[in-house]
Amino acid sequence: MNQTIEKATVLFAGDSGDGMQLTGFQFSNTSALHGNDLSTFPDFPAEIRAPIGTVAGVSGFKINFGSVEINTPGGKVDTLVAMNAAALVKFQIDLKSNGMIIANINGFDKRNLRLAGLDESRDLLSEARDAGFHVVEIEITKLTREALKDSGLSTKEQDRSKNMFTLGLVYWLYNREIEPSLLFLKEKFKSKPDLLMANTKVLKTGYHFGETIELFSNRYTVNKASLPAGSYRNIAGNEAIAIGLISAAAKAHLDLFYAGYPITPASDILHELANRKNYGVRSFQAEDEIAAIGAAVGASFAGSLAVTASSGPGIALKTEALGLAFMLETPLVVINVQRGGPSTGLPTKTEQSDLLQAIYGRNGEAPIPVIATRSPKDCFAVAFEACRIAIEHMTPVILLSDGYIANGSEPWRFPKASDLAAIHPNYAKMNEAYLPYERDARLVRSWAIPGTAGHEYRLGGLEKEDRTGNVSYEPENHQKMVLTRAAKVNEIAHHIPPQEIDCGPETGDVLIVGWGSTYGAIRTAVLNMNKQGISVAHLHIRYLFPFPMNLEKHLRNFKTVIIPELNNGQLVKIIREKFLINAIPLNKIKGLPFLSIEIEDAVKEQLKG
Amino acid sequence: MNQTIEKATVLFAGDSGDGMQLTGFQFSNTSALHGNDLSTFPDFPAEIRAPIGTVAGVSGFKINFGSVEINTPGGKVDTLVAMNAAALVKFQIDLKSNGMIIANINGFDKRNLRLAGLDESRDLLSEARDAGFHVVEIEITKLTREALKDSGLSTKEQDRSKNMFTLGLVYWLYNREIEPSLLFLKEKFKSKPDLLMANTKVLKTGYHFGETIELFSNRYTVNKASLPAGSYRNIAGNEAIAIGLISAAAKAHLDLFYAGYPITPASDILHELANRKNYGVRSFQAEDEIAAIGAAVGASFAGSLAVTASSGPGIALKTEALGLAFMLETPLVVINVQRGGPSTGLPTKTEQSDLLQAIYGRNGEAPIPVIATRSPKDCFAVAFEACRIAIEHMTPVILLSDGYIANGSEPWRFPKASDLAAIHPNYAKMNEAYLPYERDARLVRSWAIPGTAGHEYRLGGLEKEDRTGNVSYEPENHQKMVLTRAAKVNEIAHHIPPQEIDCGPETGDVLIVGWGSTYGAIRTAVLNMNKQGISVAHLHIRYLFPFPMNLEKHLRNFKTVIIPELNNGQLVKIIREKFLINAIPLNKIKGLPFLSIEIEDAVKEQLKG
Amino acid sequence: MEIADLLKPKDFATDQDVRWCPGCGDYSILKQVQSIMPDLGVPRENIVFISGIGCSSRFPYYMNTFGMHSIHGRAAAIASGLKMMRKDLSVWIITGDGDSLSIGGNHLIHLLRRNLNVNILLFNNEIYGLTKGQFSPTSELGKTTKSSPWGTIDHPFNPAALALGADASFFARGLDLDTKGLRDILLRAHAHKGTSLVEIYQNCNVFNDGAFAPYSNKSTRQRSTLLLEEGKPLLYGEDANKEALYIKDMKVYSAPLESIDAEDLWIHDSKDAMKAHLLSRLFDPYTEDSLPRPFGVFYQEDRLVYEEEMDKQLHTSIQSKGIGDLDSLLQGRNHWTI
Amino acid sequence: MEIADLLKPKDFATDQDVRWCPGCGDYSILKQVQSIMPDLGVPRENIVFISGIGCSSRFPYYMNTFGMHSIHGRAAAIASGLKMMRKDLSVWIITGDGDSLSIGGNHLIHLLRRNLNVNILLFNNEIYGLTKGQFSPTSELGKTTKSSPWGTIDHPFNPAALALGADASFFARGLDLDTKGLRDILLRAHAHKGTSLVEIYQNCNVFNDGAFAPYSNKSTRQRSTLLLEEGKPLLYGEDANKEALYIKDMKVYSAPLESIDAEDLWIHDSKDAMKAHLLSRLFDPYTEDSLPRPFGVFYQEDRLVYEEEMDKQLHTSIQSKGIGDLDSLLQGRNHWTI
Ligand SMILES: Cc1ncc(C[n+]2csc(CCOP(=O)(O)OP(=O)(O)O)c2C)c(N)n1
Ligand SMILES: Cc1ncc(C[n+]2csc(CCOP(=O)(O)OP(=O)(O)O)c2C)c(N)n1
Ligand code: SF4
Ligand code: SF4
Ligand SMILES: [Mg+2]
Ligand SMILES: [Mg+2]
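Residue numbers (the numbering used here), protein chains in the order written: chain A, 1 to 609; chain B, 1001 to 1609; chain C, 2001 to 2338; chain D, 3001 to 3338.
Where hints are given, some of them may not hold.
Stated by the list, open to error - On the chain C side, residues computed to face chain D include the following (Cβ under 7 Å):
#, residue
1, N2106
2, I2109
3, R2113
4, D2154
5, F2157
6, L2162
7, G2165
8, H2277
What the hints assert, rightly or not - What follows is a list of derived Cβ distance ranges for each label pair:
#, chain 1, residue 1, chain 2, residue 2, range
9, D, Y3027, C, D2302, 40 to 46 Å
10, A, P498, B, E1474, 40 to 46 Å
11, D, T3179, C, D2302, 41 to 47 Å
12, B, G1117, D, G3023, 18 to 24 Å
13, C, G2023, A, S191, 21 to 27 Å
14, C, K2242, D, D3325, 54 to 60 Å
15, A, E552, D, I3318, 47 to 53 Å
16, B, S1154, D, Y3027, 19 to 25 Å
17, C, G2142, D, T3179, 39 to 45 Å
18, A, S121, B, R1467, 26 to 32 Å
To be verified - Keeping only pairs whose Cα atoms sit at most 27 Å apart, straight-line, the calculated DSSO-like set for lysine-lysine is:
#, chain 1, residue 1, chain 2, residue 2
19, B, K1156, B, K1190
20, B, K1156, D, K3132
21, A, K578, B, K1553
22, B, K1007, B, K1096
23, C, K2271, C, K2232
24, B, K1201, B, K1186
25, C, K2132, A, K156
26, C, K2321, B, K1192
27, B, K1188, D, K3143
28, A, K608, B, K1578
29, A, K251, A, K488
30, A, K604, B, K1578
31, D, K3321, C, K2143
32, D, K3087, D, K3312
33, A, K201, A, K149
34, A, K190, A, K156
35, D, K3132, D, K3143
Think of the hints as simulated: they come from the structure by calculation, not from any bench.
Ideal placement from N, C-alpha and C gives every residue a C-beta, glycine not left out.
Turn these sequences into a full structure, and let the hints steer you where they fit.
As structure tokens, then:
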């Protein structure tokens, strides 16, 4: 029976060596091309190669796709592909009560049970069946080997394509086209015809297997989503940041300089940009994070769009130099792709616990604009905007992303280059005497670039005299400069869009205020509750410092303000302090994103009591 | 005429090379021995040797001494000693309207006027007289040379003792004994008999000059203060910190390890401790601040009392490693002697602008206890207390001081060693299996020291499993550990003294809430306003995080809460957020301490409007 | 109390799963380290392993001694503080090429000059393993990695030359697979009083497989490696006995052993700083006719040991001033009573 | 537009008061730097001075060029970013012994290995000046300072050896008071393509007066200094013409000039890495019979210049892929239209 459904959540899980990330990625891509809205969440072990077959070694890729709006990688899972016992152990808990398990039973033998830390006598799949799950048992390894028995490949090589069997099968199950993946394989194995043949064959075998064998009672169709007209692509967060930076540089007619030191989950920005040299991007892998931001400060002084990125521990190291950039009033974008903290913490997990550090974590009075991206595709706009603010307001800007956004992906209606707004550097006027710390109406100083005769000037981290920038220890001047720098940053609030309610009523009982990657979960929860007639709205803050001018008005339009965060309560502190509103925190600190249901439950709890 | 007065403020000012710091220090010491209460404030240029004779090169030392309680180095100055024109230019503005200027007219010639940036034709001293000041002109340089004409010293050498003339003269003016300084000179010039002779002679000459020449209409007596009975000494802030650390180590039976990298105004702690090797102190000048805190973390792991100190930019660099110490839950004291910021800022000036950094400035959820000292003598108790908390609660602790406290001095009724409370490290029990992250009722883990057989354990910056300390990526465990670490730090609130009102009524109109070095100015203002019948009280917070349990009760006992800070409003943010009280900031960001009058004025303004 | 020499290597293994990739060179190093532990004569509880961050830096979790997996690049600083307070401990620093030469370069050179008596095991795989394959400061010029898709333009460090330039008092080079050589080096590093820097070529079979193949492959090994043995001539080639190195005009040449006069042979003397310098510069990339890469102890010098000097000052100070009395510290020089 | 060679040294002075202590060696270095500026043939607006923090690091305020007084130890990193984006600028790093060798040591060695075309002037006064007199990584062993009242126990760095160990492509040593020598060195540093490290002995007359007196005092100078001149023998002593250095068995000896065969004389060749190494080790504290301390250009090597390689990759990439088109970047590999 073919059943049309609005959306589905599929989780591909197996050993790190089983190629689940690639499988998931292919499935997303095909679904995107198919016209679904979607959202993905890769979840892999911290180890490079965790021990085979263990729970710690499980790698998962979750995808939520639909004909309706999709904002999260989904809550509970409809279909779990478990390539081995450990994968089931790890993810069974995430299945819907009547969810389906597609199990590679060759991965459930005694050895695998032992590796998964279980008693060898367990029959996991019967147990799952007894627990009400729909279990489909397939000898995927064996079937793959059979398909390839004449391929001339070694067993080890044959086994490597068993993920294609899975992919083909799930394509069949959800009525997807296999052509995009066939094309992909062609490209990937251009120079390895035997592997191309094998993978293609196994992909098709999996597909046909679904068609032939009557293991499945249903087949599902998820129609195209009615997305706004336009051109779309699939995009991951870090990639979108890289593209946003390149675009901003182009639109400001500046050269892009990126300095980074590898760190999870920010490294991909470096990788991405290192590969864009033909866009005039100069990327620099520095000896450490301090050198990276140092080099960026130098590049900014040179007249470039300078960017550096890191994650928690690396951002901590950049603090001192960030204070210098603030004092110099020079454009600089600092990206923090947050991960589980504190200290080394949970490097491969997501968290939002660096907000207070971003806002307050410097010596002296050093307010720096902070903006946050809320989803993979949003990274483009936010990266572009961070550059705009940095360049037009002559200030460092902190951009907050997180591991969930960085590695997740979703379809993105990308803009035309010509539709992107120009960015206007505040250059010093040629042939005029130059006072480096003279300011315009927005309190922004002008930018003189080395090479401009007559504009030679010196600047530094010591307090400087108003207008001239000479060193000054004058008490009144210091106070004036501290207040002026603060006023300049606050002034940015007048040059950003007003805050809007994302969904739900303009006034009502509960306002859920979010920032960053909680966007999808909150939106899903609120839309759902609105359907249930609950008076709840969603406001998502992109501009965390300074806040949009009209933020307070919105907050006061609701009886209760709830602030869900993947930390121990950080934005909530700022809102409480600033508006003296008894905003209520809702915290999750598990290295995992919110499920929309968790937010729904909390709101209902709140409304009850 | 001899006039007895309650208190006086004297400011010794001259060129950096004129020895004003030593003069001021001698005067304070003698006044302290005389039995006065007092407070001092040295104010010297950022440059090592700023250009001679310039305003930038002026070095000042202010002392306020009295037979009454003295809490600040005083507001406006009674007597200004100006060794040259630049000194008068810089400090005339600080004089009381009828104040006295003792001018070394040899420092007011054309050259000195020029160096002070003035027109050579100016007659500064007549102008000052016209402005109502009492000007006493003395040829101090010339008189010194005359006194030493047979000394065999070169003119340059002779001139170096002219500060002793000044000192002698002011001793005479305020009826002080010269003996303590004679003793000091004897010690200092032990091996240089000609300089000893010269300085002694000039000191006496200055004193006799006052006696002989009828330049002064009055002579002043400031009687002993009625201080609590006990033994007293004069002490500066950084010195008191060093002594506090040594005492805490002794009382905890731990070896003291101190690692630092020189930075103004924290360096003296290093100097002080480097000189205490016979107390078993190991001090280490590291290659940078990161190495310093790193070494301290290593020493803590070794089982020592580990301490590191720095100021703004250096503290910023320590952030990442501080997160590690937090994660390890190991004792560590981090001292921030704050200075004017941001960035390099105003290194030799004072400020309180690193509070938010101390409380929030780390990646991830990493709450660390923060306590602040309020005055030079208070540094002893606070340093001791910081060590106690670190050791007994197995946590890093941040101690906030500032440049004003570090260099200022006041009499201190020092305790007997035997009266200091013992500090109890939470050692792991010998001969028991050791679970490093098992906790006691206060949620404190126990401390196993390398060398203890059977207690071998590994720890690190990755999230760790509850109790065992093994690496864990488990979602539930992470949340539990984050919350447990927070609860452990919050629990400290139960192991500190309750908050008290410092002076003024227990309930009333205005509560002034302060922290750190604003103590003296607030107290003086409040005592003064209480005399005027104004309903205002002073509450000074030592424990900034976590707050004492009863803090809120006090806050709610007043209609208005005003928070004066030497920053752009930091504690006020925390109070507002935590208690949703509309606390009002009163900010001064000039690199200088508050004058009590500024606080008085602000309170009155507030009560008016 | 346990007695160290009753312990077996396996007593130094912990109950934690070892989480390196199968085939990683780290395993063999771990094994060697565990195997020499009983021979040190140091009770287990007096041994501490301090690491930074990186694949290699997980090492302490697998050693049943005291240990700390600290933060990236700072192990040298942490170990310094530890050792200053606890001369009695045997302190081992575990670090990678990124950890010690990129972010931690400064602490490394400062530790070397200060010369605390600790042992540094630098796992050099010429790549960033843990962050999945970016180039490191020891990656060869032109190397293509994720962060250098067009090849690196960074002239790599020569760790031996850098260490000697920083006045290291001990430098040795080992190879993960050369278990015997490694064993000897580790024992000598432990015996050396002062900072021992042991660079260990370690194969990262996932991101930089074969980086040291010339020195481990049977077919090339004899041609490309030179085993340094105290007091012995520098020979290599077939059975390490065919080609000899000699020095002329401060330059190094090689020739068939039989063609060289005995007195011209270069006899290894690890106390000779100039020769150690020459050895450090035998650093050309492997080619058929390049000079071989030396393995073994390059240099060893007796120099003041930091923590001992620190202790001496403490004692001198106590001798000259007397043990500090807390009450006299509290009361200071001038005090008065009311 | 100003033409550089019409400018005078005084055109490179700013209107800011120079705030070093009277008598500080920094003055004479400033003077020399200002005096060579017109000779560089670089327009003033294309010159940038980047400093860290320290007395010496106030330098940029006194140079009427572009300049930045940055933060402690980071000038090398900042200058690197600047130079990568702007090959056209003449970039000068001003740093102290604390700034570059203590907190900034890592950036320094990484800059040296990368070899960007910048000039580093390292003002070595063997002390922390600005923070009022603590020992630095170049202070001699046993030095008594505020932070080492019992004398240091820190073996000092040998900056030349450290730099060469980090594969510096240019190292020279100068002396504040030797204006002519300094001038030559500065011009050669500027001319060198790659990172030029110039160590300048600078007297801090307040906290470390006389640290270099053996090399500047008339009475000892000839005996204790050795002026390196390209292609000339290494002579010193009376009129720099009495004693000669020669090398035997890789060791350095000195003898009266007339007692040495001409062919045994050590002829200075700044391209010879081994000899540069030997020079770097002429580092004994001054005594009546110690070998002299060399001044001048020790070493100079042509090596790939980082920012040029970076540019080359950009161009190669453009040649092979075409200039990046923003729209194609935005749309990526796979896209679809609704
Ligand atoms: C402050 C900081 N920066 C960056 C990282 C990310 N990081 C972890 S390990 C590593 C480098 C690993 O390379 P290496 O030291 O050579 O060790 P290997 O994994 O190769 O053994 C990096 C950059 C981090 N954990 N902390
Ligand atoms: C991060 C940081 N740490 C410490 C300091 C304090 N500090 C300023 S200059 C300096 C060292 C100065 O010595 P050096 O570099 O030799 O320069 P000099 O003053 O001798 O010219 C130090 C430690 C600082 N400004 N910033
Ligand atoms: S990534 Fe490389 S170094 Fe790291 S564990 Fe795997 S093989 Fe070893
Ligand atoms: S302290 Fe020393 S280095 Fe600094 S300006 Fe004075 S003399 Fe020069
Ligand atoms: Mg490595
Ligand atoms: Mg110096």
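Report task. Kindly indicate which numbered hints from before are broken by the structure, ordering the numbers from low to high. Result -> When the structure is compared with the hints, none of them turns out to be violated.
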